[in-house]
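S.K.: Sequence:
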Amino acid sequence: MEKAQLMIKFFRKIRQKLLSENKFSKYLIYAVGEIILVVIGILIALQINNKNELHKDRIKEIKYLQNIKEDLIINNKKIDNLIERRKRRTQTAHKLIAHIEGDPIEDWHAFNEETIQIYTWERFYQHNYTFEELISSGNLSYITSDSIKTMLFELESTYKQLKAEEDHWRFDSEELVFKPAYNNLDFQLILRDHRGESDVLSREVFKEFFADRKIKNGYVMATVEFEIMNGQLNRMKSIIQKLIELIDKDI
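Sequence positions in the sequence shown follow the numbering used here and run 1 to 251.
Since the hints were made in silico from the structure, they are not lab data. Incorrect hints may have been included.
[Stated by the list, open to error] Each computed SDA-like pair below joins lysine to any residue, with the alpha-carbon atoms no more than 25 Å apart:
#1 K237 - K216
#2 K69 - I244
#3 K160 - L134
#4 K207 - P180
#5 K77 - F124
#6 K179 - D250
#7 K77 - E133
#8 K78 - L246
#9 K87 - I74
#10 K237 - T223
#11 K242 - I148
#12 K77 - K56
#13 K207 - I62
#14 K216 - K51
#15 K249 - D103
#16 K237 - P180
#17 K63 - N128
#18 K149 - K216
#19 K51 - I143
#20 K69 - G231
#21 K216 - K242
#22 K63 - K179
#23 K179 - M221
#24 K149 - R213
#25 K77 - D167
#26 K63 - K242
#27 K214 - G196
#28 K249 - T150
#29 K249 - F171
#30 K69 - F171
#31 K69 - T158
#32 K87 - K149
#33 K69 - D193
#34 K242 - P180
#35 K237 - I251
#36 K63 - Y125
#37 K216 - K77
#38 K60 - I135
None of the values given here were measured: they were computed from a predicted structure.
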């Protein structure tokens, strides 16, 4: 840029000298040369400015990608924990079905504790503050990798599918699991046993509960729904892993 300015000054001096000597044709040549140098100077300045802007945008992009990665790591841990809890509930549901079908219950307190697990309602809430901020602010264009953007939207789509399945199970569990329990169990006895306040549970307490076909159907559906939702969570884990790999390569 400095060299261009020096050349412009040089051409200007020559042009002024030629004008004073009435050498008009040569004057025009040097005038054109000066104009060309001015244009070159402007183009160089624009190029430098563009490089500076691109550098600033890249800094913002890297920060966004780092924050997205942090969100993904948090989600991965939450998903792992929820998958394990739902696996345990699936195993519990199978045990309860076996008991309803006649398997003996040797420890009623342990049976009560297992039953309570099925009635613990839990959703998965995604930690995706950075992605939401990119969408709401219109800054998604800072992410230059089409692969990363595509995977982010795929993750969001899978999350919405999971939420829809959770809503579906929430409705079914209310009809098939919660309502029959409200109708057929003495919750005061259940809670007293859970707190270790008494030892009063027996098959007689659960007699009507076991006789209600809805209860068994509810537990059967619980095993199906937990496996479906865990499948969706595993799908999210797979996308998260791919996203983390793409981000690591990009930054």
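S.K.: Now tell me if each hint is right for this structure.
M.R.: Hint-by-hint comparison with the structure:
1. K237 - K216: Violated: K237 and K216 sit about 32 Å apart, past 25 Å.
2. K69 - I244: 6 Å, holds
3. K160 - L134: 18 Å, holds
4. K207 - P180: Satisfied, since the Cα-Cα distance of roughly 13 Å is no more than 25 Å.
5. K77 - F124: This hinted pair holds, its Cα atoms lying about 12 Å apart.
6. K179 - D250: 52 Å, violated
7. K77 - E133: 22 Å, holds
8. K78 - L246: Distance of about 21 Å is within 25 Å: holds.
9. K87 - I74: Satisfied, since the Cα-Cα distance of roughly 20 Å is no more than 25 Å.
10. K237 - T223: Distance of about 21 Å is within 25 Å: holds.
11. K242 - I148: 9 Å, holds
12. K77 - K56: Roughly 32 Å separates the two Cα atoms, so the pair is violated.
13. K207 - I62: This hinted pair is violated, its Cα atoms lying about 62 Å apart.
14. K216 - K51: The hint is violated at about 67 Å.
15. K249 - D103: 55 Å, violated
16. K237 - P180: 35 Å, violated
17. K63 - N128: Status holds; Cα separation ~15 Å.
18. K149 - K216: Violated, at roughly 44 Å.
19. K51 - I143: 17 Å, holds
20. K69 - G231: 22 Å, holds
21. K216 - K242: With a Cα-Cα distance of about 40 Å, the restraint between K216 and K242 is violated, given a limit of 25 Å.
22. K63 - K179: 49 Å, violated
23. K179 - M221: 15 Å, holds
24. K149 - R213: Given that 25 Å is the threshold and the Cα spacing comes to 48 Å, the pair is violated.
25. K77 - D167: Holds: K77 and D167 sit about 22 Å apart, inside 25 Å.
26. K63 - K242: 19 Å, holds
27. K214 - G196: Outside the cut-off at roughly 29 Å; violated.
28. K249 - T150: 16 Å, holds
29. K249 - F171: Not OK: K249 and F171 at ~43 Å, beyond 25 Å, violated.
30. K69 - F171: Violated - the C-alpha atoms of F171 and K69 are around 34 Å apart, more than 25 Å.
31. K69 - T158: Since the Cα atoms of K69 and T158 sit roughly 18 Å apart, the hinted pair holds (cutoff 25 Å).
32. K87 - K149: Distance of about 32 Å is beyond 25 Å: violated.
33. K69 - D193: With a Cα-Cα distance of about 45 Å, the restraint between K69 and D193 is violated, given a limit of 25 Å.
34. K242 - P180: 43 Å, violated
35. K237 - I251: OK: K237 and I251 at ~21 Å, within 25 Å.
36. K63 - Y125: Distance of about 24 Å is within 25 Å: holds.
37. K216 - K77: Not OK: K216 and K77 at ~32 Å, beyond 25 Å, violated.
38. K60 - I135: 15 Å, holds
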